[in-house]
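Residue numbers (our numbering): -10 to 930.
Heads up, a few of these hints could be off.
Unchecked claim - As a list, the in silico DSS-like pairs of lysine-lysine whose alpha-carbon atoms are at most 27 Å apart:
(1) K813 with K743
(2) K813 with K654
(3) K89 with K488
(4) K488 with K654
(5) K445 with K195
(6) K743 with K654
(7) K654 with K89
In case anyone wonders, no lab produced these hints; they're calculated from the structure.
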Amino acid sequence: MLSFLSPRRSRAPWFVVLGMALVCGVWALSPDVGQAQTRGTIEGRIVDAETGDPLSGANVQVLGTERGTTTDTDGRFNIRVRVGTIPLRASFVGYTSRRKDVEVDVDETVQVRFRLQPGSALDDVVVVGSRSQSRSALQSAVPVDALPVDELTAQSPQTDLNRLLTYAAPSFQANRQSAADATEFVDPASLRGLPPDQLLVLVNGKRRHKSSLINTLQTAGNGAAGTDLNAIPTAAIEQIEVLRNGAAAQYGSDAIAGVINLQLKENTDQLTTSITTGVHQEGDGELVEVEANYGFGLGEDGFVNVTGTLRDRGRTNRADGNSLIIFDQSDQGNFFSYPSDDSPQNPSGARQIDNQILEDRGLEREDFNFRVGQSEIEQGAVFLNSEVGLNDDATFYAFGGLSYKNGIGAPFRRLPSDLASMPFRADDPSPSFFPNGFQPELNSDVVDQALTLGVKGTVGGWTWDLSNTYGRNSLDYQVDNTVNASLLGASPTSIYAGKHAFSQNTAQLDVSRFFDEALAGINVAFGGAYRVDHYQIFAGEEASYRDYGRAQVIDNSGPEPELVTRDTLGKQGGAQGFVGFRPENEVDRTRSNVAAYLDTEVNLTEDFLVTAAGRFEDYSDFGNTLTGKLAARWSLADEQLNLRGSVSNGFRAPSLHQLYFNDVKTDFDDQGRLAEIGTFSNDSEVARVLGVPQLDEEQSRSASVGFTASPTDNFDLTVDGYRIRIEDRIVLTGEFSGGNIQGLLQEVGASGAKFFSNAVDTETLGLDVVATYRLATPTGDLELSAAGNYNRTEADDELNIPQTLRDNFQGTTEELRNTYFSPKERALLEKSSPRTKLNLSADYQIGPASLFLRTVRFGEVTRNEFPFGSEQVHDPQWVLDATVSYQLTEEARLSVGANNLFDNLPDEQIFPNSFVGVFDYAPVQQGFNGAFYFARLNIQL
């Protein structure tokens, strides 16, 4: 039985139940239901314009509504509509979309035939980036990728959204982390080399909430909180739209790098399921995933579309030997690791001592290997997309979902040589409690909840949309196979270490109108939003953070006896693997902001489009901001060539995580006094005495210029260059202590502190290129695509170091800079994403069979393990994916293939960066799991 079905881990998602009840209630009360309607029917067929063959599974949509359907195996469709002039669009993957206006009378059945010309994904209609009528990606004034999810999931070895986008969109990068606490369960994602919190995610055009996790373990995205894309089932998504352009003036905070919009499915009367199984070449990381999607009609023109998914992903381990001393040899003067000249062939004295103890205990070195690889994850999720007509002018809609994910990660192994973390005394000759150390496991439940309720309609030619979106993410920490060493043999082995949660509620009104008789068409949109964010940290149980070895004793060393606190055991307190949150760390903070925007698109002529947007936002905690954007597109040569460009300024408000996250422990300082040490919140007394100012928003200025070209019917090309200047980037500093700073810290009972600060300005320059080519051959259809990204981010040399730190730091200027913004942090910010990325793919279809090949070149990345290691450049890597598919029946399709077919791995880490051999590979580029082989069965009924 899957563990996420356990009653301990699930609670009734009341808001989803309420949403479903509201949908059904509104449907039942709607005056349209059960009454005669002024309706008609459109029937038709969609075929290939060149061959006349029917296109099964093509999409048909009534523009301006969410109503649509798909064609059957003969390319036919049937859809009920209101009377009047109905704008109908037909689209199909690999073909150019077509629109027809159809006149429908009461009870009339109108016949329509669409002949679609072979085209490319660049012709797909997109919504994000514009509030006007939908445009193709080629006609957009800003660069947008339109990725059809069904096609991606049918062909790609990747199964989750982060991996799909990493291999399909060159400017997007996400890597699975290892030994990184809860970051193992929420992959940090990057667009255009910028951190996760500068990418805005929308679902059906509505803002998606962030994760409650902020990355603080110096992984990619360090100091940032992103959105957990993997909480959303791929089977629920019709299309992914990636807006590669700053859009804060249109959508608000966070949209500096760009926007990802997930368009949910609206299909009815169709059941689609998929079953995927796979395993890595090493025989681990087994995957079983089952997804299902079904939709049904609701009333005359409503629908409900429901998706469910179950995923069971096994862990991987790429660790082998290392040079750490296994058993305690302190009496021999041997500590931590073997000498640098040690090897199995030429063993040092320390290694020989370990070998003898291993032999005496009947153990192998492999028994003490660390676990370095992807975490184990079990996940269940359900998503809903629905709408129902209220009357002739309004529609009620609801969408959202619930995702439950249980992840089991592996912190550092505790070796018996580390006596401070062992639950026995050093002089115990034969300990019975973890005598050979232990491998802690971080067992976390990650819960995502989201629900959007809204009503939209048309009044006097104006389209309006009133909605409320609620989302919440929580993540808890249960540490298993662990101890609190200061409890010795009385320690529990499973300890609850706390939890954090983040919720967001957004009420939004959008109004727009298209004036088709003004010039060549003008669209005016305006609206506003009110958002409330809520961030919480909850304490763990006492054993997760307390040091029970501390006791009050009488110190007679001074002139007078003094009652002092001393460490009586020499053991580390708290749960090994993850020390829990204390009651003093608890947070319960909210903030609100009000926003208003104006967005216009003016078609000066049929060929020349100019757009302008402005947005004002006022935050309850740091003030207000005003942003703007201008963009233009000029079509030449009968729209075969389009020139486009944009300029904008943007912002990102500091997240509540960055403002209030704290992870503070109590330890003894150099004088033997108890003092606090760790990450302090920006509003703490520690931050005040160090002169650290309150966090301000990050501000950006962006510009892009490019073109799209379609010189022939089967070839499309887009090229876009960009520059993004960001001021006051928020980073997590290193730890400040010692010298005069120590004196300042002692005033508030601390001995060492790090914090978030607006530390540095950066500049990003880049180029995106996307090309597609489709060719019909005598034996089948061939579609080729090439996409590439060049991206370079550089941080300024000048740092925004508070004057108090400058005045009291005792050390060189270089040491001050390296503490405030270390070489490791600089490398993570500038070079953790590939400098270049190239994606080449070919899809060849021959009757019922198809072959999909894709090779991705991940450019070089640089890691710097300051202060213990050094800088290393990881050379570019090529990865090949291959999938063979066969249509077994009209309903079933079988695919088999591989990701990273030739098992390529990143460069091995140099020894100083590997933690003496524990981490052979870094989580960069394609990752360190190696080849993955899969089989997938798709069924459509």
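Results for each hint:
1. K813 with K743: 15 Å, holds
2. K813 with K654: Holds, at about 24 Å.
3. K89 with K488: Roughly 54 Å separates the two Cα atoms, so the pair is violated.
4. K488 with K654: The hint holds at about 16 Å.
5. K445 with K195: Holds, at roughly 14 Å.
6. K743 with K654: The hint holds at about 12 Å.
7. K654 with K89: Since the Cα atoms of K654 and K89 sit roughly 66 Å apart, the hinted pair is violated (cutoff 27 Å).
In this structure, the hints that do not hold are numbers 3 and 7, in rising order.
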